[in-house]
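Student: Sequence:
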Amino acid sequence: MSASEPTSQLGELGRSLTGMALPLGIVMLVAMMVLPLPVFLLDIFFTLNIFMALLILMVALHTYRPVDFSSFPSLLLLATVFRLALNVASTRIVLSEGHNGTSAAGQVIEAFGAFVIAGNFVVGIFVFAILVIINLVVITKGAGRVSEVSARFTLDAMPGKQMAIDADLNAGVLTAEEATIRREDIGREADFHGAMDGASKFVKGDAVAGILILAINVIGGLAIGMLQHDLSVGEASELYILLSIGDGLVAQIPSLLLSIATAIIVTRVSSSQDMAEHIKGEVSMSRSWFPVAGVLALISAVPGMPTVLFGSAALAASVAAYFFRQQEKSAPRQGEEEAKEVVTDNNHDILKVVDVTDLSAVTLLLSYPLLSMIDNDDGGPLARRIITVRKEVSQSLGFVLPSIRIRDDLGLAANEYRIKIGQVVVAEDKIYPDLKLALPSGTSRVKIKGIDVKEPSFGIDAAWIPPEREAEAEADEYVIIEPETVLATHLSQILYKHASELIGQDDVQELLDNLSKVMPQLVQSVVPKLMPLHTLTAVLRQILRERIPVSDMRRILEMISEMASKNMSITETAEALRPHLIGLLIQQTTPLNTPLPVVTLVSSFEHLLINSAKQSEGDQLLLDGKLAEQMVQSLVRINEEQTEAGKKPFLVVSPQIRRKLSAFLRQHVADFPVLSFTELPDGRKVDVVATVSGEVDVAATGSGELELQP
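In our numbering, the protein residues as written are 462 to 1171.
Be aware that one or more of the hints could be misleading.
To be verified - Subject to a maximum C-alpha distance of 25 angstroms in a straight line, what follows is the list of computed PhoX-like cross-link-like pairs (lysine-lysine):
#1 Lys881 with Lys852
#2 Lys891 with Lys881
#3 Lys908 with Lys891
#4 Lys1075 with Lys1109
Just so you know, the hints here were simulated from the structure itself, not pulled from any lab data. Please read all numbers here as calculations on a predicted model, not as lab measurements.
Please model the entire structure based on the sequences and the hints provided.
Tutor: Laid out in structure tokens, this is it:
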């Protein structure tokens, strides 16, 4: 037998005994109600009852969250049954042995009864009644009401909490394990508050039972003493009332302690501190203690008032206020010392590069009123939405976007925000954290009153409305959007538009390292042998400029290896890769079994653009100003109509003009991909949703030629 086997056997034996203790204890409680107990056991059990009540109260005081003491309802039930069993056992002894003297029911009952009565059993009855009223009317009733409300609100909030967890899980904010833990916490919280709602009824019933048991002991004791044992009224009253009050008091003190513990648990707010630290941290405000000291000092000066007592209280409050004030000053002083160190460095002309540069790839600048959207322990709703956007865009484009830095800028106007790519501000707008954006749908009939604006992402007419008008807007088929969603959607559009600026050599190397885990030979044969890393990065930037994902790095490297002998430029390489990658873009917008919505050009208009492209150099496209304006307006209108219909159209043109026309449209039409006929996927159904024609007399306006830069 190994040395570890006896230890494991002892552990199993201990677990078996622990598992048997509770069932045996419950059986003993039932037995106590039926079988007579010796007096010395009664004293031991009364002492144990007080010990258990104090222990439960102390645990409740030092619990951070109510759900951390989830066994409290069960303990409360067991403690209540234990106390009632003791009441039954003590009642049997009081009524059967009370005629033998005050010590007949044990030392504990005698001591408590004599202490409360103090020679006058009428006073004892009133004192006991006051204790019961405090327990029943004040503490128990209040705790029961709080339990009911907490249970109702906790159960009502469960669906919303579950949906929030599912949203965070889908957004990647939570892992599957973290989501499971949070769901379990929500279930435990609901079970706990539901159990507490029922457990509070035990405490109330226990208090009522204490009054009834006292009345039974007094009436029954007087009757038994006078009728069976021939005691006088005075003798019977002195014996049985003392024993009854002692018995009731021994039961009511633990009951009062458990009632206080119940009230503490149900009124406890979740915190990272125990109750004492929590209360101390919130009441230690010097500006609250100084007025208290002043009022007490005024009361002490009133003629007839106990000057010494109120003056001492005023002095104690003043000392406490001074002490708390010193604590409040200590924290800012530490910050001032750090600031002095920085000033000292500046005085010595020590200026570092990090003090004047910002290496963040993407920065979101917020004005002061918008800081409330990120002023939470978990970053607030805006930070969570931005995390979701970053993950979605990264998955869509095929590389990990750099972190998005959020910072305040007190120089911005109220409710204004700016988005920077590198050091350049690429977008700015306003949102209102206390309002909601209402977007009209095609069936909206009435223009809703609010702050009229253009939705920043798509330029749609919208209005910021207060929350109380949300129901009115929804009734008129308006789409209601939260302010953090408006900003996050705008940020998403900017990230897509500037994706080519956000990918660098380090990001490309990370993609190659990930691919080399499964295809090391492919990576080694292409980079850097056939194409250097910086050239590959430039090619990927060209591809991303038109929102084509670069997630299929295997295909990209394979095609580069096949084209290595052709000696193509970066732009030509990117164009040659497009037909093999365009399916990644199409599948993001149009399901496989849905016809691909395309927009075409009238043949004569397309030939006009081809001739213009031949006369243009580089990526420039020379077009008549009116003709260019008409084409842009037509495409914008088509894009809006198709977007409202739930479609994402593609402009399909001849390969000779695809690149130049796409470069031109990117500056004027938001997110309108341009494909060539050769890039359409084989076997994919096509639905021509619109055709654009040029109706301007070019010959008449030839002198108005405009050079359009991409």
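Student: Could you run down the list of hints and mark each one as holding or not?
Tutor: Structure-based check of each hint:
This hinted pair checks out: Lys881 and Lys852 have alpha carbons roughly 19 angstroms apart, not beyond 25 angstroms. Using a Cα cut-off of 25 angstroms, the hinted pair Lys891 and Lys881 holds, with the two alpha carbons roughly 15 angstroms apart. For the given pair, Lys908 sits about 21 angstroms from Lys891 by alpha-carbon distance, which is consistent with the 25 angstroms threshold. Proximity of Lys1075 to Lys1109 is assessed by CA-CA distance (about 30 angstroms); at most 25 angstroms being required, the pair is judged violated.
Consistency with the previously given hints fails for number 4 only.
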